[in-house]
Structures are given as C-alpha cells and as structure tokens.
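Dock chain one against chain two, each of which comes alone in its own frame, and use the hints as you go.
Next come the chains, spelled out residue by residue.
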Amino acid sequence: MELEEGPRQSYNNREKEEVFNNEFLPHINSMYNFGYRLTLDRDDAKDLVQDTYFKAFRFIESFQKGTNAKAWLFRILKNSFINDYRKKTKEPTKVDYQEVESYYNSEDVDRQITPDLRVDALKDMIGDEISNALNALDVDFRTVIILCDLEGFKYEEMAKILDIPIGTVRSRLHRARQLLKEKLSHYAKSMGYKNTEP
Amino acid sequence: MSEPISPFTSTSGKRVTCMEMLQLILDGQVTSEQREYFKAHMDNCMPCFKSYQVDMAIKQLVKDRCCGEDAPGELILQIRAQINQKKA
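Just so you know, the sequences run in chain order U and A. Residues in the first sequence are numbered consecutively from 1, following our numbering. Residues in the second sequence are numbered consecutively from 1, following our numbering.
If we strip away everything but chain A, and leave its shape as in the complex, we get (with noise of 0.2 Å):
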C-alpha cells in the first residue's frame, strides 16, 4: 500500500528528510495530520521506526533524571535582600 501525500513541507520546497520529521514528531511540533501521516510512515521505515524509539527513550530519560534538585531555600532570601537593599 502507498503511502498518503505527505502534510511535512519545507519552506525552501526541499524534500523533507526522515530524521527532520522524526525531529518535529519528538518535540511535539507537528498537526494530528503530521503524527498520522509519520505513523504510516515508520510502518514502511525501518530507520525512522527504530529511531523514534531511541530518540523517545532518550527524551524521557533526560527529563527523568536530569531535573537536578530544587533551588537552595536561602537563595530566595538572598535575592529579596539584594533587591529591597538596592531599593533603599
């Protein structure tokens, strides 16, 4: 079966490549037409297919662990009064 017409456009009119539509698939930055259209496409692409999964792996790895800890509790004291003491 072929696929359906592609909704990715570049603006130069250059042919949009797999990984520029694997990239806007990651972040989120494409129309329910785009991540339906991408969906049909990893069936028939074995690169994108196995991408998408290690690229989404690792999206949610950094968000998971790379959070860091929370801002020290006497920083916001510091700054309120290096703010009030510049208001004086």
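Extracted from the complex, chain U is given alone in its bound form (with noise of 0.2 Å):
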C-alpha cells in the first residue's frame, strides 16, 4: 500500500481524533475542489473526498504529526481517481508525455514563448472562462496547474503527490500553460481581442 511509509505512528484514539481533526479536516475545501476539477462532477467529487477521509483514518499511523498533511491527503486523492475512479469511467490517457518532455528540453522550447494575448483580454475574462478553460485541459495537465497554481505547492510536493520525477512536473507544468494559454486566446478571439501580437 502505497500510504504505509515512514517509521509508523503509535497513535491512542484520543490522538487520532486530534491528528484529523485538526490535521486532516482543515483541508476538506481544497479536497473537494480538488476532487471537483479532477471528475467535473459533484456528487463523485464528494464520493472522492469521502474516501480519501476515510482511507486516511485508516492508515493514519503512516502519517506522522506534524508533517504536510495537505500533501499526503492529495496523494491518496489522487491514487484514489486513478485507481478507481478513472479505471471505471474512462480510458487512460492518450497524451504523449515522452514527447511533452522532449519538446521541453529541447532548443525549440524558447521560440514559443511570446504569447499571443494580452493582459488587457485577460482582465476582461471576468467570467467562467478561466475555469471552463482548465476544465477543457487533459485531466493530468489540469492536474499539475491546480497543484501549483491553486494550491501554490513546490515542485518537490508535487514530484510525490503524482510519483513522477522533478523534471517532468516542470515539463508538464509547461505544456499545461501553453495549452491553457492557447484556450483563453481563443476566448480573447471570440470577445473582439484581434490577435494581439503586431
């Protein structure tokens, strides 16, 4: 089991109670809206958090006081949707992430990085537009910008979180933002923005 890492925690039931209580349960927002933009629906959403919870009380003696609890319920979050959400409802990815890293580590990667919109458009996106944009985004590139960007974790957090190396958290990370940035110019477009370089 995945969880069961680190020297193991003796922990009485009044502990316990303390450890989820306020370790554990102040993180049920993040939770939620994690489950949220990673299933794009409520009630699975709930069902996620729900057994994320609960397996954390489970094998709460994996986890010791004191250390990032956030990190640790996003893992088994995200272990969770893999396992056995996603194994239910779709198939696995088709994103060609050997070529998302070699493009990013190759020569090409810094022509791209002159954007083609503009602060001015952004700040009129004033509605749903940035969230149905992320929503729009591959599930595990979605997943790396609501890590970063939303829930401000550092690159090591997230290299554990989703048991990938720190090199391709970045070059995911990288090639989330692109595609996310090409979204929001085709919303600019469509509000009247005219492409934006001259």
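If you are wondering where the hints come from, they were derived from the structure by calculation, not from laboratory data. Honestly, I wouldn't trust all of these hints.
[As the list claims (entries may be wrong)] When the alpha-carbon atoms are kept at most 27 Å apart in a straight line, the in silico DSS-like pairs for lysine-lysine are as follows: (1) U:Lys70 x A:Lys14; (2) U:Lys160 x U:Lys123; (3) U:Lys181 x A:Lys63; (4) A:Lys86 x U:Lys154; (5) U:Lys65 x U:Lys154; (6) U:Lys46 x U:Lys154; (7) U:Lys46 x A:Lys50; (8) A:Lys86 x U:Lys65.
Written as structure tokens, this is what we have:
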C-alpha cells in the first residue's frame, strides 16, 4: 500500500481524533475542489473526498503528526482517482508525455515563449472563461495547474503527490500552461480581441 | 550594459533557457539573487517581459477564479459516520 511509508506512528484514540480534526479536516475545501476538478462532477467529488478521508483515518499511523498533511491527503485522493475512479469511467489518457518532455528539453522551446495573449484581454475574462478553459484540459495537465497555481505546492511536493520526477513536473506544467493559454486565446478572439502580437 | 553572470544553473550543464527561468520565477522557486538577475534580464528581453506579464496574470486568475465552492456541509458528517461505522 503506497500510504505506508516512513516510520509507523503509534496514536491512541484521542490522538487519532486530534490529528484527524486538526491536521486533516482543515483541508476539506481544497480536497473537494481538487476532487471536483478531477472528476468534473460534484457527487463524484464528494465520493472521492469521503473515500480519501476514510483511507487517511485507516492509515493514520503512517502519517507523522506535524508533517505535510495536505500533500499526504492530495496524494491519497489522486491515487484513489486513478485506481478507483478513472478505471471505471474512462480509458487512460492518450497524451504522449514522452513528447512533452522531449520538447521541453529541446532548443525549440524558447521559440514559443512570446504569448499571443494580452493582459488586458485576460482582465476582461470575468466570467467562467478561466474555469472552463482549465476544465477543458486533459486531466493530467489540469492536475499540475491546480496543484501549482491554485494550491501552491512546490515542484518537489508535486513530484511526491504525482509519483513522477521533478523534471516531468516542470515539463508537464509548461505544456499545461501553453495549452491553457491557447484556450484563453480562443476566448480572447471570441471576445473581439484581435490577436495580440503586432 | 551587459547582464551579470547568471545564477541559474542547469543540473545537466545545459544552457538555462528563458522559458525555464520564467517558470521558476513564476512559481517562486528561486533565490533572491536569481530573482534580481531575472529582473535585469527582462530589461533586455522583450519576450520574457511580455510572457512574465501574461503568465503572472493567468496564474492569478486561476487562483482567483478556480477555487470553487466549499465542500458541502453534510460531507464531514458522512465522513465521520463512515469512520464510526468502521470502528464499531
């Protein structure tokens, strides 16, 4: 079981309740939002969060009090999503991550640095444009943006949550942001902003 | 005026690209020395300057607009009920 890592703790019932209430439950809103962004369904998000907290309690002795509870919980939720939810619903992703990584490490990457979006176009996106654009990304790209930009995890924490090397976190994040920018560019055009670069 | 020596180093010894610097800056995963270097670099690199503005704006928008709604109130009760059931 992937949660059983590090020295096993020994908690009495009162301590278990304390850890659960003081270290796990404060993250429930972030967890729910993460679950929702992964599944795009409120009921599925609820199930995923409930399952995550249940597993967290069950394996609470694998968690060392005072360490990074949020990252630990996010990792459990992500694994539950992959192992339980994703298998039942959709076929696995078709994104070629090898290609994403090779491109990131190539000399071509700087050529795309100039955005075709303007800040004033972004400021006019006051509705659901950003949220919809994010939801439209492939789930693995969506995930890295949520973990980094929304939840503020560092690359190293993301690598642990996702079980991937830091280099892959960075290349995937770069590609995810490019794709998000492309989608926002489409919105900007539909809002009447002509493209952007002279 | 020439730029100071770069405090960005790649583990593989490869040249650190604008994009890599930009990403580290954007995600706050830099030292104060690297931040200062990048600020000076942007004065001479228009693509970096433009990308920085846009990327920061998108990052802020994601933070402001995608935090979603709070977990439903009954969810905590359901979690507790499930745990108590298991304990019994």
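Hints and how they fare:
no.	hint	verdict
1	U:Lys70 x A:Lys14	34 Å, violated
2	U:Lys160 x U:Lys123	34 Å, violated
3	U:Lys181 x A:Lys63	15 Å, holds
4	A:Lys86 x U:Lys154	35 Å, violated
5	U:Lys65 x U:Lys154	20 Å, holds
6	U:Lys46 x U:Lys154	26 Å, holds
7	U:Lys46 x A:Lys50	40 Å, violated
8	A:Lys86 x U:Lys65	22 Å, holds
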